[in-house]
Each structure stands twice: as structure tokens, then as C-alpha cells.
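Undergrad: Listed below, chain by chain, are the residues.
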Amino acid sequence: MSATATVSEAEVPSVLWGLNPIFSAFARLYIKDILEMTESKQVPGIFFYNRHPIKQVDILGTLVLIKERNAFHTYGVDDGTGVISCTCWKNSLAEQKSLSDFESSSCGLDLIEQIRKLQMAVHKKTNLQIGDLVRVRGSIRVYRQQREIKASLYYKVDDPAYEVQIARLLELPRLYRDIYDKPFQIPEETKSSQGVASLFGSVSVLSEKIRAFLLRNKIQSFYKQDLETVEEFVDLIRQGTAAEQTDSKPHSFSSLIRESFLEAIRILENKGVLFQKSKNPNDMYYVTEQDRELHRVTLKVLKEDCKRPKYAEKGCHLRHIHNCVNQNYSPYVTEIVVRCLLDWLETNSDIVTTMEGYYTVF
Amino acid sequence: MLPAAGTYHFPWEIKSVPEGKTLRTFGRLQSYDMISSQAIITAQHASVQHCIWVCTKFVEPFQAHLGSLYLVLGETECGEGENVLIKARIFTCVEGMNLQLLEKAVDEQRKYFQERMKNPGGNTS
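Protein chains in written order, with the working numbering: chain A, 91 to 452; chain B, 10 to 134.
If you are wondering where the hints come from, they were derived from the structure by calculation, not from laboratory data.
There may be inaccurate statements among the hints.
Below are the DSS-like pairs computed for lysine-lysine, each with C-alpha atoms no more than 25 Å apart in a straight line [claimed, not checked]: (1) A:Lys145 / A:Lys272; (2) A:Lys240 / A:Lys308; (3) A:Lys157 / B:Lys30; (4) A:Lys272 / B:Lys127; (5) A:Lys240 / A:Lys215; (6) A:Lys272 / B:Lys120; (7) A:Lys157 / B:Lys66; (8) B:Lys127 / B:Lys66; (9) A:Lys122 / B:Lys127; (10) B:Lys66 / A:Lys122; (11) A:Lys207 / A:Lys122; (12) A:Lys180 / A:Lys207; (13) B:Lys113 / A:Lys122; (14) A:Lys122 / B:Lys96; (15) A:Lys157 / B:Lys96.
Construct the entire structure; sequences and hints are all you get.
TA: Okay, here's the thing in C-alpha cells:
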């Protein structure tokens, strides 16, 4: 509901936003709510009202402020709950000088007449005065720490007997109660695939977190179960499941944690960040970028081989280094691990690339 | 830069509004003094006639239709004696407006916001 309530909860992952029909609609919100909604951390310019992602809004209010610039007007619109400024680009059609010059032309008179009528209508609807009732549709943007609406459409509403505004006053509470204040339920049929999607999204985040964690704490090796004790990661998975809003049974949650870690580790293995010295997932995992023994062996190989005339000029090829590491260190080290390792060593200026795939050391 | 929001107030509630508050209200134009830029709008509520002084300096010139319904948006100011003065920024004739319906609509909006205040986050779960 209010801004404070939404902050505490985890954001809905952006993959799922499109499932919510409000996301693609122009939300008819109170200006007060537009000003108070929380902005998405994932995508700036998207806002959350009660966990509904809001991309664009539709407001109706009294014009209370006009500022004219070269190419646009800034209008202050007041709907009785708040005031927001709207950037409305000038319509070139309405700005043009009248078409009366063309009137004398003999052919196509009718068309020109039609355009002139259109021009007049546009001019009438977009030439706004303070006190006019105006409808603005557009996206929200933050400009100089102030929220404003970047209008995609704006026009004056003729409302001499206040009917439109009364209708809006009556309509909004109903809309809020029926739609905006109700949490969005993800349709049943998409739930299973959505579970996978959110699992996948959070797992890739998790794998990045694990990688950063290993680097930060200079961990050379670990067992899978060690990771499961790190509060930071478990919280992350819990948030992921909270967003899913499935009724989480305790046993399914613990198995979910296990699966998430397995999946995250698999991602890291595929990137070459982690490797094992056996095929058993319960054995120890080694961190490519931290394992000193691996670094020592690789550097030794490079130092010795680069002295040999065969490699002196170009340096050693990746495959050659891979072979040597397999012989001297562990046969389970894959090529992608070696690649990751060499990248890391190069980042630390321990080795130098001479050309694509060739490395040397000074 | 932007002015405060003009919240709906019924004419009979104006007396309790603090000075400097931005609001919008309505009433029938009873008199208009062009020289002092002062108008008086009135509204009946529970058999009591409520008068509101409106300073029209910012909205002049305008066509004054005595006896017509007007909507005013502006800031309150302390007037003479008991009376409240509204410095109008917007003063529009809304003759033909359905007063009962407006009252109902404003009440609906207030009811909604009150509900929301009472159980913040109540509907979020």
C-alpha cells in the first residue's frame, strides 16, 4: 500500500512483470500515490504500487502551473491529492502557422480544409490555461530528484458541469479496491514455468553472490554444505521464494535451498570459476581464482616452458598449459577452468597474452 | 516550485482549516466587489448558511454570474473577524453541477483514504 509497506518486501523479479496486466496499462492512480510509490531497484523508471509494477499512468486534474520552454510546456496538475509536473512536448501541427496561404490552390481544397480543421481541433485541445481540466498519460521519470510525468498524450477536457471530475472521484476508490490494492495472483497455468523462471533468475544472482563471497573471503576450497550455512545466501533464496508466493512447505524449502546451491555451483563450474578433483559433487570444490597450488603449478609450467626455444617467441598456447596442468596438478581441471585461471593471472599482471590463446611470463 | 495540492473541503468545514492551507471548495456566488477584488460564495448545510470570502485578485478578469455555482481553489487566509478568506488561484463557474453527487464522491474518496490509513499493508499480503 503505502510506500513504507512496500519497501520491506522483496521486489517482484522483472521477468514476471509482463504477466501483470497493470504493467502494460495506463494506471489511473492518485497523484499522491505516484509521488510516493517506490522506484524499482532493478529497472529505474518503473515504480511499484502495492507490488504492482507501474510503467505508465493516466491522471486527470486541474492545471495549476504553466511553464513554457522552447520545445515543451511544464504543467503542474492537481487532482486534489497531490500536484505533479508534466512535461508535454509542443505539437508541431498546432504550432504551425495557419494554412490559409494554401487556400487559393484549385485542387485538393477539401483535404486542406480537413487538415485545417484538425489543426484547429489540436490547437483547441492542447492550448491550456490555468484552471483547465486536463488529462495526461505518460511514463514517470525522475528529473532533479522530482518525479514528473513525461506525457505521451495530453489534452484539455471540457467539463463545464464538473461531471467528468465527479465520475473520476467515484471511479478511483472502486478501481483501487478492486484492482490496485489487491495483490496480483499469477495465473495457475504459468505457475510451474514461472517457478523455474524465478528460480533461474535468483540462481544466477546467487552464483554471482557466491563468487563475490569466495573472492572477498579468499576462500581456496570448500564443501557444498559449507555454503548452505552462509546466512546471506539462504536469505537470498528465501526472498526468491517469497516473490513466488507459493505456499512453502518446510521440506520443499530445504530441498529448494539444496537445488538452488547445486544449480548455482553448476553455473560457476561451467564458467570455470570452480573445479573439483573428482566427479563426486559431495567432494571438495576448489576456487580457480584463489587456489594457490594451481597458481604455483601453472606459473612454474609457464616460466619453464617459455625458456624453451619452441615457446620463447610466442609463449605457450592455452591447450599446452591445460595439458601440463592436467599432468602436474589434476586430470579433472577442464579447459574452461584454465581459461578462467589465465584471465585471472593476466588481470593480476602475473602473465601476459602475446596473441589470442598464447601466454608468456617475464 | 509546485504548489500544494488543493484537497476537497466542504464549505462548512472551512472554519476549522488552518491558515495557509491549499484547498478547493464550492458555493454560490452571492456578491462580487470588483474594486476590492472580493467575492462571497455561500452554501447551505443543515439549515445553516455558510459564507466564504474569496479574494479574486489572481483570477481577474472573470465573468461574475451572481447566483451561479463556483468552484474555488486557493490558499486560506485569516479574514476579518470570524470569517475565512480564500485567496483564489482558480475560480471557475460550474453551474449545473450535481452538488449531491459531488458530496458523495468526495465522501467516497475520504472513506477510501481512511480505510487505507487504518490498515496500511492490510491488502498487500
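Undergrad: Evaluate each hint against the coordinates.
TA: For each hint, the structure was consulted:
Straight-line distance between C-alpha atoms of lysine 145 of chain A and lysine 272 of chain A comes to about 18 Å, which keeps the hinted pair within the 25 Å bound. Annotation: proposed proximity of lysine 240 of chain A to lysine 308 of chain A is violated, straight-line Cα distance about 48 Å (limit 25 Å). With a C-alpha separation of about 23 Å, the suggested pair lysine 157 of chain A and lysine 30 of chain B falls inside the 25 Å cut-off, and the hint holds. Pair hint lysine 272 of chain A plus lysine 127 of chain B holds up; C-alpha atoms about 16 Å apart against a cutoff of 25 Å.
Restraint check: the Cα-Cα separation between lysine 240 of chain A and lysine 215 of chain A comes to about 18 Å, which is no more than 25 Å; the hinted pair holds. In summary, the hint linking lysine 272 of chain A to lysine 120 of chain B is supported, as the alpha carbons are separated by about 17 Å, within the 25 Å threshold. Between lysine 157 of chain A and lysine 66 of chain B, the direct Cα distance comes to roughly 21 Å. Compliance with the 25 Å bound is thereby established for this hinted pair. Distance hint between lysine 127 of chain B and lysine 66 of chain B is unfulfilled; the C-alpha atoms sit about 41 Å from each other, more than 25 Å.
Taking the CA atoms of lysine 122 of chain A and lysine 127 of chain B, the gap is near 17 Å; set against the 25 Å cutoff, the hint holds. With a CA separation close to 29 Å, the supplied pair lysine 66 of chain B and lysine 122 of chain A exceeds the 25 Å bound. Between lysine 207 of chain A and lysine 122 of chain A, the direct Cα distance comes to roughly 38 Å. Violation of the 25 Å bound is thereby established for this hinted pair. With a C-alpha separation of about 18 Å, the suggested pair lysine 180 of chain A and lysine 207 of chain A falls inside the 25 Å cut-off, and the hint holds.
Only pairs whose Cα atoms come within 25 Å are accepted, and lysine 113 of chain B paired with lysine 122 of chain A is accepted, the gap being roughly 21 Å. Of the supplied pair hints, the one linking lysine 122 of chain A and lysine 96 of chain B holds, its CA atoms being roughly 23 Å apart against a limit of 25 Å. The hinted pair formed by lysine 157 of chain A and lysine 96 of chain B meets the criterion: a straight-line CA distance of about 21 Å does not exceed 25 Å.
The structure does not agree with the numbered hints 2, 8, 10, 11 stated previously, though it agrees with the rest.
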